[in-house]
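Spelled out, the chains give:
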Amino acid sequence: MNPAEQLNLYLALGALLFVCGVVCMATKRNAIGVLIGVELVLNGANVNFVAFSRYNPAFEIEGMIFALFVIVMAAGEAAVALAIVLNFYNNHTTVDVDSAEELKG
Amino acid sequence: MELHAFMFWLIALLTGLCALATVITQNIVRSATWLLFTLAGTSGIFFLLGADFVGAIQLLIYVGGTMVLVVFGVMLTAQGPFINMKTSGAEWAISIVAGILLFAVLLFGTWGRFSASTSTPEDPKDSHHAVTIGQVLTGVPYGPFDSPTQVRAHYLLPFEIVSVHLLVVLIGAAYLARAKRRGEEPK
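Residue numbers (the numbering used here), protein chains in the order written: chain A, 8 to 112; chain B, 12 to 198.
In case anyone wonders, no lab produced these hints; they're calculated from the structure. C-beta atoms are modelled at their ideal positions from N, C-alpha and C, and glycine is treated no differently. Where hints are given, some of them may not hold.
Here chain A is said to cover these stretches of chain B; the calculated rule only asks that three of the stretch's residues, wherever they fall, bring their Cβ under 8 Å from a Cβ of chain A [stated by the list, open to error]:
{"hint": "1", "segment": "25-37"}
{"hint": "2", "segment": "75-82"}
Simulated coverage check for chain B against chain A, where a stretch passes if three residues somewhere in it have a Cβ under 8 Å from a Cβ of chain A [unchecked claim]:
{"hint": "3", "segment": "52-66"}
{"hint": "4", "segment": "114-125"}
{"hint": "5", "segment": "143-152"}
{"hint": "6", "segment": "164-176"}
Which residues of chain A face chain B? A few of them, derived with a C-beta cut under 10 Å, are [as the list claims (entries may be wrong)]:
{"hint": "7", "residue": "ASN15"}
{"hint": "8", "residue": "ILE39"}
{"hint": "9", "residue": "GLY51"}
{"hint": "10", "residue": "GLU67"}
{"hint": "11", "residue": "ALA107"}
Based on the provided sequences and hints, a complete structural model is requested.
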């Protein structure tokens, strides 16, 4: 396999993770399931970043730096999202996202 | 090179199947467990791409930290009806069609569109990525001194912003999740 074909395969894997995350966000009714979908989407993006850092010399370090930033952001996002979910669970005794409708216009 | 292709297909198939299982299973505890394997497989992909530092950080922060957080969230909220929340058949059908269409669009947009070359050394012991990442994050510009075409840049400011962001996020999360007594005015 030449490098371009390898890059294609890595990008396809990133796309698969991204699509899995989007479908997970759309179908799960549990708020933590939605959070799991977000994590999958961020991982798909990270696979793309690191693949480009490997196969494009202009992004050799930049791809890894951005992947590290995405990982840190994902950790912070998970902490805040879980705090919100726990607060929601304390107030409503449910984690069904369909029942969060106070802000419905 | 054949070993690289074999390892890629092995890890990519494991990661992709675990990601699909994360979506398909209805049980939230099983979903979190499949996500754990997906994240570990992604770190394997990073190691395969020669990004050993990113792979190690993925294992430490994602598999070690974020997953513990998610599992705690599952344990604190998993009571009776919330472990298995069924999605209706019509929603599944729409989601699967939309997912396949999105995957087709992404493949069409990326497949064969990028030229690729590998300048980084094949042998992992010849790469100094961890050192370079550390220097770039602490403000040492990266790039050859004598090349006028390549911009020498460092990432100290984004690193500081991310650090302060993480501090703000942690304080905010602790404030949001703190235990409140019912009927008591927040001070």
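Exercise for the section: Mind checking the CB of GLY51 (chain A) against every CB in chain B and telling me if the closest is under 10 Å? Expected result: holds, 9 Å
Problem - Coverage claim, chain A over the segment 114-125 of chain B, checked by counting residues with Cβ within 8 Å (three needed) - result: It holds, with 7 qualifying residues against the three required.
Problem - Proposed interface contact between GLU67 (chain A) and chain B, which counts if any beta carbon pair is under 10 Å - result: holds, 6 Å
Handout entry: Within 8 Å of chain A's CB atoms, at least three CB atoms from the segment 52-66 of chain B: coverage verdict
Key = holds (count 8)
Handout entry: Coverage of the segment 25-37 of chain B by chain A, judged on three or more residues with CB within 8 Å
Key = Three-residue rule met by the segment 25-37 of chain B, so holds; n is 6.
Handout entry: Residues of the segment 143-152 of chain B with Cβ under 8 Å from chain A, three needed, outcome
Key = Satisfied; 4 residues make the cut.
Exercise for the section: Let me know if the C-beta of ALA107 (chain A) comes in closer than 10 Å to any C-beta of chain B, holds or violated. Expected result: At about 14 Å, which exceeds the 10 Å cut-off, the nearest Cβ of chain B leaves the hint on ALA107 (chain A) violated.
Practice task
Let me know if the C-beta of ASN15 (chain A) comes in closer than 10 Å to any C-beta of chain B, holds or violated.
Solution key: holds, 5 Å
Practice task
State whether the coverage of the segment 164-176 of chain B by chain A holds or is violated, taking the criterion as 3 or more residues with Cβ-Cβ distances under 8 Å.
Solution key: This one holds; 4 residues, not fewer than the three required, reach chain A with a Cβ under 8 Å.
Exercise for the section: Report holds or violated for chain A covering the segment 75-82 of chain B, Cβ cut-off 8 Å, minimum 3 residues. Expected result: Answer holds; 4 residues pass the 8 Å Cβ test.
Practice task
Mind checking the CB of ILE39 (chain A) against every CB in chain B and telling me if the closest is under 10 Å?
Solution key: holds, 5 Å
In this structure, the one hint that does not hold is number 11.
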